[in-house]
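A.B. asks: For the protein sequence lines, the chains are B and U, in the order given.
Each position in the first sequence, counted from 1, maps to that position plus 654 in the working numbering.
Each position in the second sequence, counted from 1, maps to that position plus 1 in the working numbering.
To be clear, the hints were calculated from the coordinates, so they are not data collected in a lab.
Check the hints yourself; a few may be wrong.
What the hints assert, rightly or not - Taking lysine-lysine pairs in the DSBU-like style, the calculated list, with each CA pair at most 30 angstroms apart, reads:
1) B/K726 x B/K746
2) U/K897 x U/K296
3) U/K616 x U/K91
4) U/K934 x U/K276
5) U/K345 x B/K671
6) U/K484 x U/K674
7) U/K743 x B/K723
8) U/K674 x B/K723
9) U/K674 x U/K743
Claimed, not checked - The following residues of chain U were derived to be distant from chain B, with all beta-carbon distances above 12 angstroms:
10) V63
11) Q715
12) W763
The structure presented is a predicted model; accordingly, all values stated were derived computationally and were not measured.
Note that CB positions come from ideal geometry on N, CA and C, so glycine has one too.
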Amino acid sequence: VFDPDPGKNAFTTPKCKAPDNYVYDLRTDPYALNQQGVIFTDLPDDATYVPVIAEVAVTSASEACQEIKSEKTLVTQTDVSLPENSMGTHGKPDGNYLAFATVDPRVDFAPDALNDPATFFGPTQHWGWYGRFLSTFIDGGYIPYTTDAMGNDVATTQIVYVVNPTDGAGMPVAGADPKGAPGSGLDVIEHARGQAGYSPVCQVMTYTATSAADLPTTAADVATKGTIDPVDPMAGPVYAYCLGVTP
Amino acid sequence: VRGLIRAATILALVAGSTAAFAAGEVNGRLVGTVMEAQTGAPVPGASVTVSGRSLIGPARTVTTGDDGRYEVVELPPGSYDIEVSYSGVKPIRRRVVVRQGEATPVEIQWSAELAEAETTVVVEERHMTRPDSTQTGTVVSADSEAKIAINHRYQQIVSQAAGITQPDPASLQFSVKGGSILANRWLVDGMDVTDPTSNTWSANINFDSVASVDILTGGMEAQYNSLGGVVDLITTGGSDEWHVDTSFYVNNVNFSTSNKYGSNLWNGYRAFDPKPAPPTSSYQANINVGGPILKHRLWFNVSLEYLYEQFSVPAGPPLNIQHPAYFRHQVLARGKLTYAPNDKHRLTLAFNSDPAWLYNIDGRFYGLSNYERGVAETQQNQGGFFFTLQWEYFKNQNLNTMVQVGFQQETIDFGSQGIIGGAGAIDYGPGCPNPMDPSCTYDASRPRHVNVNDNTAWFQGQPVQRELIYDANFDPSISLRGKLAGYHDAKIGLQTKYAYGQNGYQTPGGYVYNDGGLPMNSNGMSGAAGLCDPTTGGINCYQRTATQDGTLKAQGVSVGVFIQDRWKPTKWLTIVPGIRFDYGWTQNNYGQTVSSLFGVGPRLGAVVDLTRDQKTIFTAYYGRANEVMSLMPAFAMNVPVSTTEQWDLASNSWKLLNTSGGPGGYQIDHNAKTPHTDEFSTSLRREIFANSVASIEYTYKQISNIWDGQEINQIWDPTGTKVRGFANGQPQTIYLLTTPDKNYRIYQGVDFSVEARPSPNWDVWAAYTLSWLYGPGAEQLGQVGGAEPGFSAFYNPRQTMFYDGFLPEDHRHNLKVRASYTWKGLTVGALFTYLSGAPLSKVYFNSYDGGYTNRRAPQGNDPTSPNSYTGWAEFRQPDQISVDARAQYDFHHLIKAHVILLADFFNLFNIQEATALDNTDTATFASVQNRQKPFRFQLGLRYLY
């Protein structure tokens with residue numbers, strides 16, 4: 655990640671050098687030459703993939719924007735500063751972790767703020783590099799940490815889904831799982847992106863609404879309009895990646 | 002859209018019409034020195050008289066100068082007798098062949114004693130070192146071509162020259178030293194008859210009326226203006242003797258091997274199959290008569306050819322029914338009058354006509370014949386006429402003029418057979434075995450349906466296009482010769498042209514449907530089951546395109562002025578300077594000026610006679626040619642409005658996808674640069690033995706600022722697979738017609754060639770070319786109108802980087818050998834060609850375009866691995882080898898009449914290597930799509946008087 659603001663924002667103002675008088679043209683430019691995409695060292699091509707990235711902070715030194723497109727080039731580039739690891743090659747992670755979910759670059763995202771030139775590094779679909787190829791990912795932001803008795807641990811937020819799904823008229827939703835299901839449109843996240851307490855890693859919980867006609871829409875609502883329970887008390891906590899995008 | 006694509010492509014390939022922008026040489030010259038044999042001293046004041054069958058009027062006589070030099074200019078190509086005489090001494094006689102556009106060197110060692118000895122035997126000589134020319138290429142004469150098996154098409158002669166390849170075996174268009182097929186100029190008797198709308202040849206000409214073909218590939222003098230090559234046909238004229246040449250050729254299915262329908266060699270008609278072989282045959286009759294109307298004054302030559310040919314592909318999947326055979330009727334007529342009222346004037350009037358009617362024309366294409374119902378066939382009626390008039394005035398040996406005037410009219414009607422040819426022209430039989438099938442009932446108002454899952458075409462032929470073209474040419478020139486710090490042979494000329502073209506459009510049924518849905522429908526069925534019914538909709542409805550009916554016009558004017566010289570400061574050095582200035586203007590249907598271009602074309606060459614005997618010639622050359630007027634861009638803008646809709650399964654209705662064409666579909670770059678070619682070439686030629694020359698040539702050529710349409714409205718996502726918006730907010734394509742700096746081609750090549758007639762029995766030509774051709778300029782304007790978006794660097798900006806690579810005409814190795822041997826009336830001849838494979842690019846499906854328009858590796862490559870450029874690998878078609886042979890016997894030895902029986906063996910060894918591979922990212926990737934035409938035997942009978 656080039657010139658990050660550790661723990662706050664992975665996409666601060668780029669310090670790479672853009673061409674003189676450059677203005678990003680969304681039609682003609684395949685990517686913005688006043689930005690620098692992050693560089694991935696691996697792709698989600700196996701079942702063990704998780705959307706968690708160990709950040710290696712690269713310090714720009716007036717190199718041309720987007721000139722560096724691969725790890726191979728990065729580690730040999732002399733006009734950027736890259737902390738070395740114990741092997742002296744791949745750069746040393748700075749201890750921060752990011753939730754970047756690599757996705758199919760052809761997938762449509764909503765909202766499609768196409769005519770905003772900033773969309774190259776916009777709120778939803780970000781572009782980076784892997785081995786000279788453009789790579790697409792969703793930016794879930796930094797993963798916060800907390801200190802507990804066992805040492806550092808991932809700080810999570812809660813995502814709750816309703817177990818008695820009903821439609822707006824209070825009738826059970828046809829075909830719905832009797833226990834409800836995450837992602838059915840009735841989930842509530844405890845802390846959204848930008849709020850204190852946000853984390854791209856969620857502990858999954860369920861809630862039972864007291865009124866099918868008046869389902870909660872905020873975390874505060876959940877506490878007053880339903881009861882929260884673990885998904886399966888006997889099996890221990892369940893976690894999910896719940897990447898929130900910048901509003 | 003696909004239908005239009007095919008129509009546009011076919012039109013571009015077979016289009017016929019006219020234009021004139023370069024005037025070519027129709028005559029040759031004799032140059033040499035008369036020297037005293039013992040001392041080598043020049044012989045001034047000797048009389049050199051030249052006469053020959055091709056020269057109308059009296060014999061030409063010139064006198065050698067103080068340096069013994071003589072030159073006889075403006076000689077029509079042919080065999081000439083030279084008589085060198087000196088007062089009181091018996092003359093010396095020589096016989097030489099003069100070729101068009103070339104200087105034939107004849108050095109004469111003279112002495113009184115030698116003259117006595119030389120009058121006994123006169124042997125025809127050929128001196129082909131071109132001692133004062135930088136031009137590369139060759140002249141192929143009809144007598145050489147009469148000894149080998151060749152289809153009666155003059156275009157097939159062209160590919161025999163060094164540095165020329167034929168990118169598509171199915172079309173007679175050529176790449177000359179790296180130029181595209183759209184970069185050549187086609188001349189007949191010196192008049193440019195290139196089609197101004199397609200930049201390809203415009204006219205068919207009776208093969209027997211062609212006396213010789215001058216194929217210029219580079220190093221051109223200023224009188225020529227071509228980004229590629231120049232092909233100049235000289236047609237047969239009359240003479241003071243009566244001549245008749247009549248012939249008949251038969252090519253029957255029973256003498257030939259059948260074609261294939263599929264990828265594999267067994268996908269075709271097989272031996273012992275009880276069914277009759279699919280029809281493939283041709284019959285051709287020719288008659289040519291020439292002679293004097295007034296001896297020495299007025300000659301005529303008339304020529305007529307009739308051709309009937311048919312061709313078919315065996316039945317195969319997916320339809321598995323025998324498609325109606327393609328067939329063609331063609332009449333070629335030509336007449337030529339040559340009039341010389343005295344020795345100062347020569348007038349030549351020529352007329353040419355080439356009507357042809359082509360039925361079931363999709364049936365000749367491997368990729369269509371088994372995919373299209375007979376009722377969905379396409380027809381083409383084409384033809385036209387042109388005439389040329391030349392007036393040559395010879396004031397004296399140092400001054401002559403020529404005025405050439407030409408006019409041409411051509412038409413092409415192309416499209417649904419039921420509309421172009423009338424209902425009676427449709428063959429319902431083999432293509433429609435079940436008369437109860439509703440698809441067999443032709444309805445002129447029913448739209449065409451193409452199933453995109455299996456490419457089957459149903460119900461209607463392709464949309465109708467009616468093209469009409471006129472052009473007129475006026476090319477005067479003056480030649481001046483004299484001495485000023487050496488000898489000069491200068492020429493000044495004006496070349497003017499007016500061209501007009503119009504194209505009418507009509508879409509039967511209002512729409513072309515692309516049906517079948519993507520992905521393939523759930524049960525995997527295709528064909529009729531996958532066709533869209535717009536009243537009910539569903540998964541089989543995918544896209545449909547409506548194209549506005551109407552007629553669109555374009556016109557253009559060009560003016561070129563040139564001056565050139567052959568300056569010989571010494572006997573062994575010739576400097577060839579020249580320059581031309583060209584201006585061209587074109588206008589589209591909407592009254593807009595599409596192009597207003599000016600170009601300066603300097604030329605500079607040096608020719609050195611290394612051995613001072615005109616037998617070892619070294620040349621070096623630089624030249625620039627400019628294309629200032631082509632109706633292609635104006636015609637490209639004249640695409641009618643097309644609206645493409647896509648079926649929306651959610652709302653069960655058509656939704657507008659995009660529009661293209663019309664006046665809003667284009668913008669004009671008024672600052673476009675003039676397309677041009679810069680060429681550097683050098684050559685070494687040597688007369689290695691009698692009547693034989695060997696040469697080596699190196700050429701570096703860059704063709705720059707090629708016309709193209711740059712799409713400027715669609716906003717693609719970074720992957721280049723999806724349009725995310727439009728610059729003007731409207732879902733349409735907008736093309737900027739321009740000549741981008743990044744649209745160029747670079748060619749480097751070395752040609753080795755040998756032309757030899759060491760004895761009257763042998764006639765040998767061999768040429769090997771090693772070349773490289775690269776750059777992004779793969780095509781020209783093909784994507785405009787949505788025709789072929791995947792073929793251009795300027796359609797999808799995300800794909801531009803993948804268009805810089807080996808170009809489609811980049812054949813690394815090319816060997817051609819033409820050889821014949823004649824002994825007592827029996828002639829055996831053959832044409833051997835080897836051509837290494839052409840580059841291909843793997844393409845991937847783009848759902849927005851509805852076709853395979855995306856690449857993932859540079860042109861000429863298969864990316865092989867999706868995530869590593871290290872996997873990119875060159876992807877080429879297989880190499881091609883073919884041998885065509887002829888055996889003929891002239892019964893003159895037995896019956897004192899030239900009755901000739903011919904047997905032609907095309908593709909003698911029945912080599913059926915792939916000529917096209919599937920380059921799409923599908924399960925059939927790299928499978929064979931087409932093969933070399935199989936073995937074919939032809940019998941001919943010819944009578945010469």
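A.B. asks: Does each hint hold? Answer for all of them.
C.D. replies: The hints, checked one at a time:
1. B/K726 x B/K746: Since the Cα atoms of B/K726 and B/K746 sit roughly 15 angstroms apart, the hinted pair holds (cutoff 30 angstroms).
2. U/K897 x U/K296: 26 angstroms, holds
3. U/K616 x U/K91: 28 angstroms, holds
4. U/K934 x U/K276: 21 angstroms, holds
5. U/K345 x B/K671: At roughly 75 angstroms apart (the allowed maximum being 30 angstroms), B/K671 and U/K345 break the hint.
6. U/K484 x U/K674: 40 angstroms, violated
7. U/K743 x B/K723: Distance ~24 angstroms between U/K743 and B/K723 Cα, so the pair holds.
8. U/K674 x B/K723: 35 angstroms, violated
9. U/K674 x U/K743: 12 angstroms, holds
10. V63: 65 angstroms, holds
11. Q715: 8 angstroms, violated
12. W763: 58 angstroms, holds
Comparing the model with each earlier hint shows violations of hints 5, 6, 8, 11; every other hint is respected.
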